[in-house]
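Add chain B to chain A, keeping to what the hints say.
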Amino acid sequence: MEAIADASFLIDWARFSLRDLLFRLFRVVWIPEDVLSEIQSESTLMWVAEHLASGDMSLFPTLPEYRDRALRLVELSRRGPTRGLDFPEAYCIAVAEDRGYVVLSENGAAYAAQFLYTTAKVWRAYEVLWELRSKGVVPDDVIFTYQEETKHKFPQGDLQKWRSYRS
Amino acid sequence: MEKLQELINREREARELRRREADWNYINSLPPRIRVAIKLFIETGNLRLSQKISGLGLEEFVEHLRRANVWVT
Chain A
1 MEAIADASFL
11 IDWARFSLRD
21 LLFRLFRVVW
31 IPEDVLSEIQ
41 SESTLMWVAE
51 HLASGDMSLF
61 PTLPEYRDRA
71 LRLVELSRRG
81 PTRGLDFPEA
91 YCIAVAEDRG
101 YVVLSENGAA
111 YAAQFLYTTA
121 KVWRAYEVLW
131 ELRSKGVVPD
141 DVIFTYQEET
151 KHKFPQGDLQ
161 KWRSYRS
Chain B
1001 MEKLQELINR
1011 EREARELRRR
1021 EADWNYINSL
1031 PPRIRVAIKL
1041 FIETGNLRLS
1051 QKISGLGLEE
1061 FVEHLRRANV
1071 WVT
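Those protein sequences? They're chains A and B, same order as listed. First residue of the first sequence? That's 1 in our numbering, and the numbers climb one at a time after it. First residue of the second sequence? That's 1001 in our numbering, and the numbers climb one at a time after it.
The set of hints was computed from the structure by calculation and includes no laboratory data. Remember, it's a predicted structure, so these values are computed and weren't measured experimentally. Think of the CB as a built atom: it goes at the ideal place given N, C-alpha and C, for glycine as much as any other residue. Only true hints are included.
Keeping only pairs whose Cα atoms sit at most 25 Å apart, straight-line, the calculated BS3-like set for lysine-lysine is:
(1) B:Lys1003 / A:Lys121
(2) A:Lys153 / B:Lys1003
(3) A:Lys121 / A:Lys153
(4) B:Lys1039 / A:Lys151
(5) B:Lys1052 / A:Lys151
(6) B:Lys1039 / B:Lys1052
Okay, the calculated bits of chain B under chain A, using three or more residues with CB under 8 Å as the criterion:
(7) 1001 to 1012
(8) 1042 to 1055
(9) 1065 to 1073
Some chain B residues close to chain A (C-beta under 10 Å, calculated; not the full set):
(10) Leu1017
(11) Glu1021
(12) Leu1058
(13) Glu1059
(14) Glu1060
Excised from the complex, chain B in its bound form:
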């Protein structure tokens, strides 16, 4: 139970950091599909779903995350 709470806290911390450290100017400059996908990733951390929505290949999508200062965890 303690471990579960630790994992939930870890998820919450990661989401807050993604939101806080994201380069929103960069994100808002992107085409709608990629912008929506990055926002979804920031909120959920779900890499494959976000990538599929972006319409990009996985590496290309991760490169946009890097440029947007959004970290994959």
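Just chain A, with the same shape it has in the complex:
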């Protein structure tokens, strides 16, 4: 399985002590050029650079066919009742729906898109942690560790769902 990551996912995930477990799920995590340019902090850049060097991550170029599809996705999203997509997430979705990647994004608009107008799968850190837990790679309470370390907060409904599936 391969993924393509948006900055909203990377910025939080890079602060997590178990961040390298991402590569237990994905053979390659693609980083669009535009997303790379949004990453500026030394710690996030160090982590991304290390994995670009090792081949766990790879740069995804800006290609006209996906730019066009991404713009159409942005337009489509703005016509609906849910939050509109931003271009970087839309680009990830355009690539993912064509190449079968999973989109990694914390953006609510990208999350909603998978139920409304794209065949691409969109995972937040929540789904990544869920998958890692189902493989027995992380303990049940990992989601709370993630929240503490990254200061990312998950919706109450998702936390209740997480607790109800405790192994």
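Positioned in the frame of chain A, the structure of chain B alone reads:
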């Protein structure tokens, strides 16, 4: 249709939580441009637009959101 309603409810819940849990003292202590951008994010959840209005880089803006106890969803 049920899924659409669920997504709309999820957006509404997220906005209410952003409003309720935000550290308004911190937000009101910020320079106008960043303050306006954070308020916009609280109301709309639109990260890139808010970041652009703030005049900051994405990571720097997200760091202000963290300090303001405003969560990105």
